[in-house]
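Each chain, letter by letter, is given below.
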Amino acid sequence: MKRITIILIAISFAISVKSQNVDINGFVRNYTGIQYNNGNLNMLQNTLNINFEKMGDRVAFKANPMFYLYGIDSLDFRMREIYLDLYFDNVDIRIGKQQIVWGKADGVFITDIVSPLNLSEFLLPDFDEIRIGVYAAKINYYFGNSTIEAIWKPIYAGNEFPAPGSIWFKPPEFPAPPTFDYSKENINPSLENSEVYLKYSLSSSAIDFDLMGAYTWDQTASMYTEKEFEMDSMGNPILTGLLITPDHHRLTVAGGSFTTDIKGFVLRGEAAYYNGKYLQTADPTAEGALTQKDYLHYVVGLDYGIGNLKLSAQFIQKYIMDYNDFITEEEFGNTMTFLAHYDAMRETLHLELFSYVGLNYGDALIRPKVTYDYSDSFSILLGSNIFVGDKRGMFGRYDDNSMIYTKLKYSF
Amino acid sequence: MAQDMTAREIIEKVYNRPEGNDQTSNLTMTLINKSGKERIRNIKQFTKDMGEMEKNIMFFQSPADVKNTSFMSWTYDSDKNDDQWIYLPALKKVKRISSDSKSDYFMGSDFTYDDLGNRKIDDDTHQLLREEAIDGVDYYVVESISKDEDYMYSKTITWIRKDNFIGLKKEFYDEDEELLKTLKIKKFEEISGFLIITNSEMHNVQKNHKTRMVLSNININTGISDSKFTERIMMRGL
Numbered sequence: 001m002k003r004i005t006i007i008l009i010a011i012s013f014a015i016s017v018k019s020q021n022v023d024i025n026g027f028v029r030n031y032t033g034i035q036y037n038n039g040n041l042n043m044l045q046n047t048l049n050i051n052f053e054k055m056g057d058r059v060a061f062k063a064n065p066m067f068y069l070y071g072i073d074s075l076d077f078r079m080r081e082i083y084l085d086l087y088f089d090n091v092d093i094r095i096g097k098q099q100i101v102w103g104k105a106d107g108v109f110i111t112d113i114v115s116p117l118n119l120s121e122f123l124l125p126d127f128d129e130i131r132i133g134v135y136a137a138k139i140n141y142y143f144g145n146s147t148i149e150a151i152w153k154p155i156y157a158g159n160e161f162p163a164p165g166s167i168w169f170k171p172p173e174f175p176a177p178p179t180f181d182y183s184k185e186n187i188n189p190s191l192e193n194s195e196v197y198l199k200y201s202l203s204s205s206a207i208d209f210d211l212m213g214a215y216t217w218d219q220t221a222s223m224y225t226e227k228e229f230e231m232d233s234m235g236n237p238i239l240t241g242l243l244i245t246p247d248h249h250r251l252t253v254a255g256g257s258f259t260t261d262i263k264g265f266v267l268r269g270e271a272a273y274y275n276g277k278y279l280q281t282a283d284p285t286a287e288g289a290l291t292q293k294d295y296l297h298y299v300v301g302l303d304y305g306i307g308n309l310k311l312s313a314q315f316i317q318k319y320i321m322d323y324n325d326f327i328t329e330e331e332f333g334n335t336m337t338f339l340a341h342y343d344a345m346r347e348t349l350h351l352e353l354f355s356y357v358g359l360n361y362g363d364a365l366i367r368p369k370v371t372y373d374y375s376d377s378f379s380i381l382l383g384s385n386i387f388v389g390d391k392r393g394m395f396g397r398y399d400d401n402s403m404i405y406t407k408l409k410y411s412f
Numbered sequence: 001m002a003q004d005m006t007a008r009e010i011i012e013k014v015y016n017r018p019e020g021n022d023q024t025s026n027l028t029m030t031l032i033n034k035s036g037k038e039r040i041r042n043i044k045q046f047t048k049d050m051g052e053m054e055k056n057i058m059f060f061q062s063p064a065d066v067k068n069t070s071f072m073s074w075t076y077d078s079d080k081n082d083d084q085w086i087y088l089p090a091l092k093k094v095k096r097i098s099s100d101s102k103s104d105y106f107m108g109s110d111f112t113y114d115d116l117g118n119r120k121i122d123d124d125t126h127q128l129l130r131e132e133a134i135d136g137v138d139y140y141v142v143e144s145i146s147k148d149e150d151y152m153y154s155k156t157i158t159w160i161r162k163d164n165f166i167g168l169k170k171e172f173y174d175e176d177e178e179l180l181k182t183l184k185i186k187k188f189e190e191i192s193g194f195l196i197i198t199n200s201e202m203h204n205v206q207k208n209h210k211t212r213m214v215l216s217n218i219n220i221n222t223g224i225s226d227s228k229f230t231e232r233i234m235m236r237g238l
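Line by line, the protein sequences give chains R and L.
Here the first sequence is numbered in the working numbering, starting from 1 and rising by one per residue.
Here the second sequence is numbered in the working numbering, starting from 1 and rising by one per residue.
These aren't lab readings, by the way, just hints derived from the structure by calculation.
One or more hints might be untrue.
Footprint (simulated), chain R over chain L, 3 or more residues, beta carbon under 8 Å [what the hints assert, rightly or not]:
(1) 31–40
(2) 64–75
(3) 88–97
(4) 104–111
(5) 229–237
To list a few chain L residues with every Cβ distance to chain R over 10 Å, as calculated [said to hold, decoys possible]:
(6) 83
(7) 117
(8) 134
(9) 215
Backbone N, C-alpha and C define an ideal beta-carbon position, used for all residues, glycine too.
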């Protein structure tokens with residue numbers, strides 16, 4: 001009842017602000033998914049997304065509440081964005097909770113590290129729903145074709161992962177019963193704990209590119225692991241437990257991206273150097289089973305269009321510097337993405353095939369979908385998420401979760 | 001005098017008919033299928049002639065699923081490909097897109113990018129077929145054949161008013177030389193001293209669907225700032 005009240009309040013609010021010339025748009029969506037292997041309805045989600053926007057010459061605001069109803073009465077409310085914009089001649093300022101998107105890559109996150117990710121349903125939601133809004137002050141200064149963007153993020157927000165019980169939760173295998181100490185999981189908001197991001201970007205006929213730097217927190221906590229031993233009757237140590245303390249570490253990141261048109265092909269590239277990443281290691285001498293390394297993460301992509309057919313491919317590599325064989329993660333992590341999108345029937349029927357392919361283990365996530373725009377406001381989508389390949393890969397490990405799904409969406 | 005003009009000179013007059021240095025307008029694009037069902041797109045657009053190039057920016061206002069999407073193109077007088085960018089509000093990102101094919105249809109309409117004015121005079125060879133009068137109005141009838149044999153139209157035939165060089169009707173023939181589409185100018189108006197086509201309709205006669213384009217709230221030579229044609233404005237919107 002309380003949840004219904006929240007929705008009713010939101011709708012009442014929408015009606016009242018509409019009368020003040022606040023622009024309101026959004027969508028209602030039903031999302032139903034069935035797992036192939038057992039026929040379980042693994043997704044029963046109804047969504048109400050409302051955008052309230054008011055645009056003036058010098059000031060604007062936006063509020064974007066989002067309601068996810070799972071099953072019959074499990075309501076998840078998120079204020080995805082709520083911010084104020086101030087416009088000056090060469091400067092724009094945005095203050096509040098906001099999603100910030102950087103970089104030129106599609107479906108991968110290289111320099112796009114300002115907004116953390118909600119991975120509770122892996123990489124399946126639309127990307128605007130994967131990103132989590134952050135509290136930040138963002139200043140953009142424009143001169144010529146260039147922009148300098150500076151972001152101050154005073155409140156830490158980290159990536160969200162599947163909860164135990166979710167089909168996307170894959171608990172790691174521990175050699176002994178673990179105990180968790182969450183005392184270091186939170187980062188108190190303070191000036192000292194703030195994150196700062198800086199980007200220079202240029203948009204021109206020949207090329208669009210940007211250079212970025214960040215002094216940030218690792219958005220995924222590292223697992224500081226202490227081993228607990230007891231002696232057996234022979235006096236030999238036996239591993240009896242693990243004390244795991246999720247802890248956050250600072251990261252310094254520098255990178256950039258570009259996109260340019262070469263004879264009808266759009267070439268894209270993006271790279272970032274991460275300094276100070278803590279990685280899990282089996283090195284018995286490593287404190288907390290962690291080792292600090294730098295790594296390089298980059299993507300190269302090519303887009304091409306032939307009439308209504310759009311094709312795109314990307315190669316992504318993550319390379320850990322100064323590698324040793326104790327490190328749990330591979331030295332090189334190689335992934336490719338492929339996209340084919342075709343519009344038919346005067347852009348009312350859309351056929352799409354997108355796939356991630358993990359090259360290290362030969363696994364993949366294949367995502368075919370067909371969308372029909374029954375009208376300008378109502379669309380019907382039929383799709384499938386197919387996980388295949390080696391279970392050690394990040395896609396193959398979910399091969400029990402392959403599913404078929406529908407999305408019915410009404411936009412207003 | 002006029003009767004001494006070559007076909008190329010006539011077409012040049014059509015292509016270079018003055019429309020002001022900049023223009024702001026609302027475009028209502030109505031897609032009509034063969035059963036008469038209509039889909040309407042409302043777009044606010046800004047255009048500026050910057051000498052060697054023309055810049056255009058469009059903001060989609062409706063329907064709801066494309067609201068706040070914007071599209072920017074820089075078109076060059078030279079053979080250089082257009083530069084095009086699209087801003088998709090859901091992605092919160094401006095993307096450069098491929099602009100190799102001018103034969104692509106614009107937003108599911110019956111107009112290709114070429115049909116909307118991006119074609120260059122010397123992409124075709126032009127021939128004056130005849131001069132004729134219809135309902136008391138004198139026309140040049142000019143046939144244009146692409147120099148590119150793989151072009152989507154085998155030829156076009158344009159009826160051009162002698163008095164103002166508006167191509168009032170145009171027929172597009174497919175690669176089999178069958179009539180594919182007919183463009184009719186239904187209305188043109190004098191605005192700020194310039195003749196502007198405000199209502200046109202493209203009819204695909206083979207598939208029997210149509211697209212109607214109506215311009216309204218037209219303002220010319222208001223001195224649109226160069227800064228209007230930037231990523232900043234694409235993302236901010238109107």
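Each hint tested on the structure:
With 4 residues having a Cβ less than 8 Å from any Cβ of chain R, the segment 31–40 of chain L passes the three-residue criterion, so the hint holds. Interface restraint, the segment 64–75 of chain L with chain R: holds (4 residues with C-beta to C-beta distance below 8 Å; minimum three). Closer than 8 Å: that is the beta-carbon criterion, and the segment 88–97 of chain L has 8 residues meeting it against chain R, so the requirement of 3 holds. With 5 residues bearing a CB less than 8 Å from a CB of chain R, the segment 104–111 of chain L meets the requirement of three and the coverage assertion stands.
For a cut-off of 8 Å, the count of residues in the segment 229–237 of chain L with a CB near a CB of chain R stands at 5, and the three-residue condition holds. Some Cβ of chain R comes within 10 Å of the Cβ of residue 83 of chain L; the nearest lies about 5 Å off, and the non-interface call is violated. Listed as outside the interface, residue 117 of chain L is consistent with that label: its C-beta sits roughly 20 Å from the nearest C-beta of chain R, beyond the 10 Å cut-off. In this structure residue 134 of chain L is separated from chain R by more than 10 Å, as the shortest Cβ-Cβ distance comes to about 31 Å.
For residue 215 of chain L, the condition that its CB be more than 10 Å from all CB atoms of chain R holds, with the nearest at approximately 21 Å.
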